[in-house]
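In terms of my numbering, the sequence shown opens at residue 2 and continues consecutively.
Check each hint, because a few of them may be wrong.
EDC-like, lysine to aspartate or glutamate: derived pairs with alpha carbons at most 20 Å apart [unchecked claim]:
| no. | residue 1 | residue 2 |
| --- | --- | --- |
| 1 | K40 | D57 |
| 2 | K40 | D53 |
| 3 | K15 | D57 |
| 4 | K15 | D55 |
| 5 | K40 | D55 |
| 6 | K40 | E96 |
| 7 | K40 | D86 |
| 8 | K15 | E69 |
Don't read these hints as lab results, they were simulated from the structure.
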Amino acid sequence: MSARSAAGRQVALKVIRSEYAGDPHFLARFRREATAARKVSGAFTASVVGADPDSDPPWSATQYVRGESLSVRVRRSGGPLPAADIARLAGRPAEALRDIHRQGIAHRDVASARPRWPRPCTPSL
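Whole structure, please, built from the sequences with the hints as guidance.
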């Protein structure tokens, strides 16, 4: 979900649903993830703008990256992407994952819909 910060900045907002907010194991993991995500910075990662895992409901907000998913990009191109585009597109998420892994974080949900590919091509996770 997209929202605006108090300063008017567009952010990607993650709000925990009530059925998960009451689960202490889920909340502990969400708290760890929010803390770890604040440590990550890189050219191709969306930075954390704010988070409150103890609020009701718990939430986190990251920099909003406007763009299309890889699956949309492939559909829009009408078929397989040229090898040069694939090499360029793959390098940036790889750099993002490197920055994430350097903080000891294992990114659990990388999929073709996850990276955003703004125009010009600068994907962010």
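Which hint numbers does the structure go against, in order from smallest to largest?
Violated: hints 1 and 7.
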